[in-house]
Amino acid sequence: MTRYGMLIDVAKCNACYNCVSACKDEFWDNDYPPYSRAQPKFGQNWVRVDRRERGHFPYITVAYMPVMCQMCRDPPCLKAARDGAVYVREDGIVMIDPEKSRGQRQIVDACPYGVIYWNEELQIPQKCTFCAHLLDQGRKQPRCVDACPTGAMVFGDLDDPDSELSRMIRSLSSGQPYRGEETKVLYSGKPEAYEPKPGVGPSVLYLNLHRMTKLFIAGSVVLRESDDLVEGASVRLEAGGREIAATTTDAFGQFHFDGLEPGKYTVRVEYPGHRQLSVDVEARESTYLGYLFLEKRGAPATQQRLIQ
Amino acid sequence: MDHEPETGFGWELEDGTHVYTNSTLEGPVLVYVKGGKIVRIEPLKLSPEDPESWTIEARGRRFSPPRKALVPSYILAERAKVYSPKRVLYPMKRVDFDPNKKDRKAENRGKSGYERISWEEALDILEQEITRVHKTYGPGAIGTTSSSHHSWGIIGYRLSAYLRFIDILGVTYADHNPDSWEGALWGAVHMYGFNWGVGVPEQNDLLTDALQNTEMIVLWSADPETTLGTYAGYESNPWRQWLKELGVKFVIIDPFYNYTAVNFADKWIAPRPGTDTALAAAIAYVWISEGTYDKEYVEKRTIGFEKFRDYIMGREDGVPKTPEWAERITGVPAREIRALAREWARKRTMLGFGSRPGMGGAGRAAYGHEWARYMVALQAMQGAGKPGVNWWSTSTGSPTTPNVPEDSNPYGFFFPGYGDGGISGDTGYTGAARILPRGFVRIPVTDRINQPGGQHVLRLLLPEAIMSPPVEWRGKGFNTISIEAQFKKYKYPEDGYSEIRMFWRYGAAYIGTMTNTNRWVRMYRSPKLEFVVNQNPWFEGEAKFADLILPAATSFERWDIGEFSNISGQSLESVQFVNHRIIALSMKAIEPLGESKSDYDIFAMVAKRLGFYEKYTEGGMTQLDWVRRFFERSDLPKYISWEEFKRRGYFVVPVKKRPVTPALRWFYEGRRRDTIGAGPAGGGVMGMPDGTGLGTQSGKIEFESNSLKRFDPNDPERPPVPHYIPSWEGPDTPLAKKYPLQLMTPHARYSFHTQHDAKETWIDEIPEHRRRGPDGYFYRVMRINPADAAPRGIRDGDLVKVYNDRGAVICIAEVTERIRPGVVHCYQASAAYDPIGEPGESPDRGGSVNLLTPHRFLSKNANGMAPSSALVEVERWEGSR
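In the order they appear, the protein sequences are chains A and B. If you read the first sequence in our numbering, its first letter stands for residue 1, the second for the next number, and so on. If you read the second sequence in our numbering, its first letter stands for residue 1001, the second for the next number, and so on.
Incorrect hints may have been included.
[Said to hold, decoys possible] Pairs of lysine-lysine residues, derived as BS3-like cross-links and limited to a Cα-Cα distance of at most 25 Å, are as follows:
hint, chain 1, residue 1, chain 2, residue 2
1, B, Lys1244, A, Lys190
2, B, Lys1093, B, Lys1528
3, B, Lys1045, A, Lys184
4, B, Lys1034, A, Lys41
5, B, Lys1646, B, Lys1037
6, A, Lys184, B, Lys1657
7, A, Lys214, B, Lys1244
8, B, Lys1244, A, Lys184
For the record, the hints were derived by calculation from the structure and aren't laboratory data.
With the hints as extra help, turn the sequences into a complete structure.
Here's what the structure looks like:
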């Protein structure tokens, strides 16, 4: 069997909006019966680009990710539909029948991803089809993936163990970076589902999703006596009394722990010849601790305590 | 003027859809046409039959590019642009314009409506007015200028079909200034030459060099993920991914956390706009005081360092340019400056200033030439040309085959770029001299007025030239011919020439791209302009100031041929901005919409009325005839037949195994130049006839500039040794009390200049570009820090009025941490100029933030634009919520 799916690397998405533009080019003013009716020029984005800014000036991250129909294994829209207006193809693509779905606005409301749109004029729900009309003609990729210039989107057959997508997911899941055969760029990170509502079983997986969904704690370490940002200070992150991550500062004295849940943490900084510094952080959002000053051994002890 | 239609272009699918090719200004695409309508436009993918891609071996890995054209979003929206409701489909006349009356009602331009007229009527008006204006006022009375790059392709490009027409007609041409890189033209060339590249240094093979040797990349006022190597789409995105993979660190210096920062920043440094030079001076201070610069290189390859050192260390003016000094000016903590300087000295570092070195918003600012000179100075101190150390912005220098004729260089392959002048053959304005001997053009033309002894006007001064002549300035636009050309004084009107009385605007961009552009609005409404023509496919904001509008067809409705990112002319190396050299036909996929006609056909019709049709068309050549000629005279026929080329629509130039010659390695090693590129012939140098030097007087990098010493050793605004000079419109000026925010207006991200903006395509709905306001109108996005938004009561999504004494623009606020507090950011190049009241006097909701930028020059003698130095205030606009 075939099960089409996608892997999207958040770390590669640069908000070029090629996916959106290619999708519009394919579907605006173009009906593909019986697959789909045309996508209006404005107001619908069968693929959209979400943005997430984390941190505060002058230390932030910004991430983008394309979100389209995730082709759930257990699609809530299918359950909400009447008269078989939503169906799943043999290749796993979830389709909305443009005829049978007329008037069925509840299909829009059922989607946890907000990627089903209501066409006021035609009175039908509409969404991404993975360009099923093109796949059925023998094309290998939907238009969004075809137009993606960064390799952020990879499409393929999840059920075929030899497909590049499957090999890629296997490799990455076991911690091995993977270089794309067509995209020619390297992927790393663990594939994971983006599930605002757990259990729907999306066929779209994401890499580096933490840039959208989790938070970071970062800071810059300074040696008090010279006012220099210090490279190579060791920094540990503790939660619940145990170490959960460790890193060293870069040439700008920066450290960065990512993929964290909101909660209480302790940051411990050590550098030879200097007193250890501990900072307690109650992180509700991504937090840049600013400059953390290390005192030379022998100087009076200080403890910085920050509540965010 | 069409012959029997030639067939055999592109291919047909089973369902009757025909597939054509098009070479757009950001890469080749396939165009699907069904039932006479374009139904799809997609990026071109290379097939296995196309030549193998290049491979770079570096640090034990092998890198090879993806085999497709990495075109941007707005190219994928071309279909919507072709069928845009904003298309001009018929010749149109302003309703209250009567060519037979003396009172032209100029004051109604921008307000009055239009009526459809026939082509015959339009040509009658043109013929009558051109003749009348010329006979009444004499040479120079017809003024014209074109937009930048508003259509791609060798035949239809402005330096081709348009230039050929205006050259024969005889016009006062408003010279373009290099609006992407003023700083390098007015500054950097005085230090390292490269005046032929407008201050952009050679870039040969720097991708290979960087992958093999570089450890850190500093992108300073550079956002290659946005400005796309100019015409190269996202071709260089994989290169940055490879560098990242190799552990190369990226430092982004920009008051805005730009789109390159999004994926690549290891460190973001956000100086206050206009203070970059102080930051650079402090870096030099650290290197000098810690002895961490390349002393041997400075001694052997540069001159004047002692005076530069004296300025930096404070011996000249008593002010050492310490990081603490710079912190007070730039807002960047001294310890961060020190860390950057040390890391830069420790690591083999590339400096990208501007998205091609030499460009960048920091150079389009008050004293932007000083910043550009510091960018040269810093890398001169680190030995530019040594492995891994150069001026490079990650967007150039791929190992493609050089664009030189194969019969002159076995490693070359020649296809002309737009800089070669296409069908004009104009050797004064373009690089046509290089291609003429090959027979591309049989009857080359030049202008009797627009020539060295004739009349000129600087585009930036056009409003003053029209409304309050005389005007004077230095330098004729691009000034690539010599360093000294920029010193030459010009005046308008020139002795014995007429003032401009008729203005033929080709394209429509300047209210959205020039400075203090309410000046343009006032100019258009001046009765001194008796007749205004606009020729453009779309009804953009500037078109509505014309008396006569000519409907031009898009490049999907005419024949052309062009190469991905090929500039040629003075930028031979531009084919190294892409992964594969792809030459493609721009096939006439559909008939011109409405009564629109290709620019070439429009010019030919007017030429017929004026009696120079035969000369203009070289005896009746159609565009397809020209395409065929350019195919035949290039190196293409050695590799592919016309029939095959017609069918496939494109050709990928094979990569030839050739020696790797990184830019300036020869200079670093004290050898003769071995790189292929533009520049003076012979040894390729100006200063040193033996071929070992740069284009400066000494042949070396000049910390103390000979050309500036010769010009005016006492110019306080551009002294022979570069200085930090506070901006004339910065946060420390008295004006900042009234207008406390600094406005950044970088080149647009989701449009090439104004071309893809406000065309009612889905691009207008990209929320990083425009957002729908509460009234349903698509407003331009203005970015503001929460620290500035909160006290003004501004929330994300609110409409805001951005204003100063020059005007007011309504934008939509994006409240974001990406912008430094005290700074607001809105991309320039709005195609809409949509005043809510009297044109020129009321707020513009179209988003032309250029209304707010100063038209003061970089400095007194450096007559380039400085839009980055603008102070504004922002307030919530009524009707926001």
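How the hints compare with the structure:
The hinted pair formed by B/Lys1244 and A/Lys190 meets the criterion: a straight-line CA distance of about 18 Å does not exceed 25 Å. Between B/Lys1093 and B/Lys1528 the CA atoms are separated by roughly 19 Å; this keeps the pair inside 25 Å, and the hint holds. At roughly 14 Å between alpha-carbon atoms, B/Lys1045 and A/Lys184 fall within 25 Å of each other, so this suggested pair holds. Our distance criterion of 25 Å between C-alpha atoms is met by B/Lys1034 and A/Lys41, whose separation comes to about 20 Å.
At roughly 20 Å between alpha-carbon atoms, B/Lys1646 and B/Lys1037 fall within 25 Å of each other, so this suggested pair holds. The suggested pairing of A/Lys184 with B/Lys1657 holds, with an alpha-carbon distance near 21 Å, which does not exceed 25 Å. Note on A/Lys214 and B/Lys1244: the hinted pairing holds, with a Cα-Cα distance of about 23 Å set against a maximum of 25 Å. Simply put, B/Lys1244 and A/Lys184 have alpha-carbon atoms about 14 Å apart, close enough for the 25 Å limit, and the pair holds.
When each numbered hint is compared with the structure, no violation occurs for any of them.
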